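J.: Chains as they are written, first to last, in our numbering: chain A, 295 to 639; chain B, 295 to 639; chain C, 295 to 639; chain D, 295 to 639.
Treat the hints as calculated values from the structure; they're not laboratory data. Computed from a predicted structure; not experimentally measured. Do not take every clue at face value.
Copies of one chain are not kept apart here, so a pair can be met inside one copy or by any two copies together.
What the hints assert, rightly or not - Think about it this way: if two alpha-carbon atoms lie no more than 25 Å apart in a straight line, the pair counts; the simulated BS3-like pairs of lysine-lysine are: (1) K313 - K624; (2) K458 - K409; (3) K409 - K611; (4) K409 - K612; (5) K518 - K458.
There are 4 protein chains.
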Amino acid sequence: MIRFDCDYLEGAHPKIIEKLVETNMEQTAGYGCDPHCTRAKEMIKKVCNAPESDVHFLVGGTQTNTAVISSALRIHQGVISAQSGHINVHESGAIEATGHKVLALPSSNGKLTTKQIEECFNAHHNDVCHEHMVQPAMVYISLPTEGGTVYTKKELEDIYSVCKNTGMFLYIDGARLGYALASDGCDLTLPDVAANCDVFYIGGTKVGALFGEALVINNEYLKKDFRYVIKQKGGLLAKGRLLGIQFETLFEDGLYFEISAYAIECAKRIHEIFESNGYEFLFDSTTNQQFPIIPDNELETLSKEFTYDYWCALSDKKSGVRFCASWATKQENLDKLENAVKALK
Amino acid sequence: MIRFDCDYLEGAHPKIIEKLVETNMEQTAGYGCDPHCTRAKEMIKKVCNAPESDVHFLVGGTQTNTAVISSALRIHQGVISAQSGHINVHESGAIEATGHKVLALPSSNGKLTTKQIEECFNAHHNDVCHEHMVQPAMVYISLPTEGGTVYTKKELEDIYSVCKNTGMFLYIDGARLGYALASDGCDLTLPDVAANCDVFYIGGTKVGALFGEALVINNEYLKKDFRYVIKQKGGLLAKGRLLGIQFETLFEDGLYFEISAYAIECAKRIHEIFESNGYEFLFDSTTNQQFPIIPDNELETLSKEFTYDYWCALSDKKSGVRFCASWATKQENLDKLENAVKALK
Amino acid sequence: MIRFDCDYLEGAHPKIIEKLVETNMEQTAGYGCDPHCTRAKEMIKKVCNAPESDVHFLVGGTQTNTAVISSALRIHQGVISAQSGHINVHESGAIEATGHKVLALPSSNGKLTTKQIEECFNAHHNDVCHEHMVQPAMVYISLPTEGGTVYTKKELEDIYSVCKNTGMFLYIDGARLGYALASDGCDLTLPDVAANCDVFYIGGTKVGALFGEALVINNEYLKKDFRYVIKQKGGLLAKGRLLGIQFETLFEDGLYFEISAYAIECAKRIHEIFESNGYEFLFDSTTNQQFPIIPDNELETLSKEFTYDYWCALSDKKSGVRFCASWATKQENLDKLENAVKALK
Amino acid sequence: MIRFDCDYLEGAHPKIIEKLVETNMEQTAGYGCDPHCTRAKEMIKKVCNAPESDVHFLVGGTQTNTAVISSALRIHQGVISAQSGHINVHESGAIEATGHKVLALPSSNGKLTTKQIEECFNAHHNDVCHEHMVQPAMVYISLPTEGGTVYTKKELEDIYSVCKNTGMFLYIDGARLGYALASDGCDLTLPDVAANCDVFYIGGTKVGALFGEALVINNEYLKKDFRYVIKQKGGLLAKGRLLGIQFETLFEDGLYFEISAYAIECAKRIHEIFESNGYEFLFDSTTNQQFPIIPDNELETLSKEFTYDYWCALSDKKSGVRFCASWATKQENLDKLENAVKALK
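Kindly produce the complete structure, drawing on both the sequences and the hints.
T.: The following block contains the structure:
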């Protein structure tokens with residue numbers, strides 16, 4: 295079986311594995327107070343052009359989202375998200391479990407607009423009963439979104455501007471940030487991202503690492519005491535250096551960007567395989583996740599050789615599904631996919 | 295100014311006030327362990343035809359909803375509600391503050407259908423990623439709804455049947471239950487309500503009491519240790535007898551039903567006042583809340599003499615507003631409203 | 295049976311009842327936005343000499359404590375309390391239910407010392423692993439304490455000074471504040487209390503009201519958005535004027551202070567009844583709760599005629615118990631208690 | 295610098311590293327639904343002689359404790375722990391953050407006694423105000439404790455018996471379980487542990503793994519829906535196979551027991567180094583953590599060459615400190631420690 299269902303199918307990029315092997319018997323202090331974490335943090339601040347920011351490493355995305363959001367909000371506040379946002383759908387209520395409502399706004403492609411955000415904020419504050427309702431205090435967006443779409447630099451700047459004007463935090467979930475930055479549809483650089491939000495994370499789990507996310511906090515209020523929060527939310531890895539070592543490797547020679555670009559090339563090929571054979575797509579994704587719409591009988595055929603992620607049933611016995619590329623995608627598997635899709639016709 | 299904006303404008307029914315005066319210097323044990331509470335509980339069990347149920351008194355609705363829902367759900371579970379449900383909109387995130395997601399389903403009139411509930415449950419359990427999503431475990435409905443509509447006996451029986459089949463609790467918010475039961479649109483009796491849910495409450499605050507809600511728990515699992523929950527959620531009134539005294543008075547001679555019926559008569563008159571003058575309504579409410587649609591310039595005129603609750607802006611410079619009747623509505627005020635509405639034309 | 299077990303045995307002071315009767319059919323806006331609440335708030339700010347403070351009314355003590363503490367603390371912070379503190383023992387985990395640890399310090403008489411508070415703060419911050427531990431961020435004291443003892447003005451000033459120096463909030467639970475202020479052991483005035491903390495409440499439930507507590511917030515950070523918090527924690531009474539009316543009555547002619555002083559006179563008599571008959575006391579209480587130590591066989595005799603609150607078993611078949619006086623204590627009942635205690639010998 | 299301050303100084307046992315290298319480019323399903331996890335779970339059930347139990351893998355200890363405890367307790371319930379218990383001291387309030395009080399009992403050596411547990415339970419249930427207090431519903435013990443001590447089989451059986459009789463869950467934190475089982479002071483086997491509690495975990499982080507804990511759930515109630523809880527608490531690693539691979543390696547040829555035994559040999563040598571030079575110890579630890587009491591001036595000397603964990607200041611300018619052995623301790627470092635300690639005299 296050849297797997298395309300997600301971008302966390304394999305272990306880590308071989309250079310990370312090498313580094314883990316090489317450093318294995320070093321003795322270091324625990325909980326991220328080791329030279330590898332220190333060095334990786336400096337690298338990330340530099341590549342983000344964010345010398346004043348704080349960088350922390352956490353184990354996974356749900357944990358990172360939970361730590362950031364629960365730490366930022368006061369008890370009567372909620373976080374605005376697209377309905378399809380990961381925190382609204384796929385974290386088993388982790389945000390609510392810390393006491394906060396996700397204020398979900400509709401979105402056809404996973405992106406929020408400044409208009410939506412402003413309207414949500416104003417509707418709340420203009421209501422005479424606003425004290426009876428959850429106060430919007432943070433905007434959560436994903437880059438790329440769950441549908442693989444990306445914000446332009448202008449869009450991100452505008453959203454951040456609305457956030458600053460309304461006193462809301464802007465938080466960017468960058469679980470697949472590398473793939474967004476490498477995408478043709480995206481005119482953002484990493485420093486652009488860092489300059490246009492209060493806090494964001496650079497995903498490692500889906501971009502070459504065994505696991506791990508690098509959180510970058512720009513906002514002074516959010517910086518304070520954040521290590522307590524990481525600990526409380528179960529994210530303070532005893533052997534914290536494992537995270538430092540991985541991010542050192544990803545950022546010391548541009549590996550993060552290089553493997554992201556490779557994944558995007560593979561994703562383009564997936565796109566072409568389906569498009570050239572006449573398939574349409576659920577979302578206009580320019581990143582590593584592609585969402586072709588495929589007749590159910592053809593899916594059945596493909597299932598014999600490939601895994602994909604089932605997204606949603608559509609009318610006419612068709613379904614939207616997800617095929618992912620990653621740093622680890624093999625060309626030979628793309629060749630096989632191409633042949634199989636051609637053979638469907 | 296004549297107020298019609300809500301149904302908690304005055305104090306309590308005079309009989310309740312009398313009883314409070316009369317019992318004021320009695321010495322009783324605290325926290326609901328007094329003879330008045332005991333007697334009121336027995337009355338309620340009797341009038342509900344629910345001898346095996348547990349009855350508790352709490353101070354207000356948000357508190358009651360929070361106590362019931364947070365006590366019933368395990369940490370990964372959520373409660374299904376109409377989007378317009380009180381817990382989803384008007385409790386400042388009280389449910390989420392206890393760790394649980396409100397799974398909001400769309401509804402044009404405030405009611406949920408069995409179809410919606412079943413689909414929500416099935417969609418969850420059929421998803422291969424269901425463990426990544428909040429598990430629906432309770433259905434919350436209001437009787438009457440926020441839009442003043444009511445469920446029929448058949449509808450309630452069907453919903454409860456779905457709940458039992460799927461292992462979800464059914465909880466009925468009866469903040470205005472008296473007004474539902476007295477409504478022409480409702481073929482339910484109090485024993486019908488009690489027989490068709492796991493837990494519900496009989497609202498006092500909006501139906502004649504100074505404050506207070508009588509919670510009736512039918513389900514054995516939910517009964518266990520509930521007084522701990524009331525205490526933790528701030529609902530265990532030190533002078534608990536105040537609640538007992540009020541509910542004794544409401545239920546010893548059918549006062550609760552009598553004043554509810556009176557309010558419904560007043561509400562019908564409000565309805566007729568607007569309908570006979572050509573106004574349409576937001577919801578097909580047969581209970582004590584009426585939602586006429588009124589041109590904004592006419593509203594401005596009415597505002598000089600009357601208060602109402604602003605519900606929503608509509609197109610064509612019209613708005614939906616709420617006029618409430620209650621046990622305390624005065625005929626002379628209805629006369630004045632009638633004249634004022636006529637005068638608009 | 296003559297009850298001395300607590301100070302919430304009766305309804306409300308007759309003047310409050312009168313006022314409730316008198317205002318019963320007034321129509322007012324809900325949720326505390328009525329003229330009675332406005333007037334009562336002004337009175338309280340004046341009597342506290344705290345024109346810049348915010349005043350809110352809540353229904354009960356557990357709710358008030360929960361709202362204040364959960365709103366003040368960030369998620370990794372805890373509240374310092376005496377081990378015997380109400381929040382640590384008698385609120386069914388309400389504080390923890392909002393996510394915060396109560397950092398309980400030992401105390402023989404219910405009072406905390408500046409030394410303890412400083413040591414707790416320093417021990418935390420000097421520990422290299424402080425991020426693995428709950429950060430102390432608020433000090434909770436009761437005036438009077440659970441043992442009926444009171445802080446002197448000097449002690450309170452010193453504690454507040456420590457709090458300000460360490461950046462911790464000081465919160466005073468004044469469930470029985472009137473009885474502390476009226477006590478011989480207390481050189482504090484209400485303005486002194488208001489000037490020496492970030493937030494405190496003036497208890498109504500135990501000092502003449504049917505129910506209700508008046509929260510006074512001095513600290514700007516804590517003022518912000520507090521009505522959201524009250525709503526979320528179930529404390530925003532629909533007929534909020536009931537609280538306004540009660541506190542108006544308590545504060546317009548000094549009734550609060552007058553009835554507190556009366557209760558203290560009664561408590562002194564209880565003290566003398568036991569002391570003159572050779573009994574010792576658990577705590578050196580100068581307030582309305584008295585804690586005589588009584589042989590168990592004598593308690594059995596007293597139990598036939600009187601209720602008291604059982605506090606703790608001691609050696610030698612003796613027990614510590616609580617007898618409470620209040621604004622409602624009757625002289626004839628004190629006479630009977632005197633006779634009964636004398637008769638034990 | 296030679297480090298003895300903790301048992302998570304190095305990476306993983308070389309066999310684990312080998313296996314990670316070997317499997318790195320395998321494609322597997324995510325979230326623990328891969329063949330490595332399946333195989334590791336079977337191995338663990340077998341070595342525990344617990345074929346009916348459920349096994350889950352989580353990333354770290356705080357996360358595991360939080361998931362288990364928050365999932366087991368209802369909202370008014372708390373967990374009994376020794377005051378020195380990890381959940382009470384060193385998890386930044388993680389348990390309270392999920393809404394539950396840690397009911398901390400004093401202990402000189404980190405162990406709880408059946409007497410303490412019974413008294414705590416009975417004191418609660420015998421109190422007439424028990425509904426005002428947190429209900430004890432789970433007992434948390436550590437094996438070994440924070441002081442390195444262990445329970446005997448008899449002690450564990452008795453505690454479990456009390457738990458079953460009182461309806462409380464027994465949960466064993468086995469962060470260092472291997473070191474307990476290998477200790478001379480311990481007559482328990484892994485099947486004994488599994489047979490005498492409702493749920494426990496086998497720590498990997500401190501016993502040879504890069505990270506990871508294997509949770510074994512015996513109790514049917516606790517088994518239900520536990521994967522939701524893992525996800526919500528941030529413990530469902532995307533590349534879950536990393537945990538499976540590590541535990542496969544630890545349990546397929548008895549590696550876990552072998553390296554634990556090695557660590558105990560090293561710890562005995564640390565003990566002898568100090569004991570033979572006349573030092574006393576804080577706790578009577580027979581496991582991998584040793585707690586010598588050392589004059590502060592001598593500590594200063596040792597600090598130049600070695601790291602240790604500072605535990606507590608004692609009188610007479612002495613301190614209690616912790617030296618840890620682990621699977622990775624090198625004999626040459628023990629030699630150096632021996633020489634250094636001798637040289638102090």
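J.: Each of the hints needs a verdict: does it hold here or not?
T.: Each hint, compared with the structure:
no.	hint	verdict
1	K313 - K624	both (23 Å within a copy, 22 Å between copies)
2	K458 - K409	within (15 Å within a copy, 43 Å between copies)
3	K409 - K611	between (36 Å within a copy, 22 Å between copies)
4	K409 - K612	between (33 Å within a copy, 23 Å between copies)
5	K518 - K458	both (19 Å within a copy, 19 Å between copies)
When the structure is compared with the earlier hints, no violation turns up for any of them.
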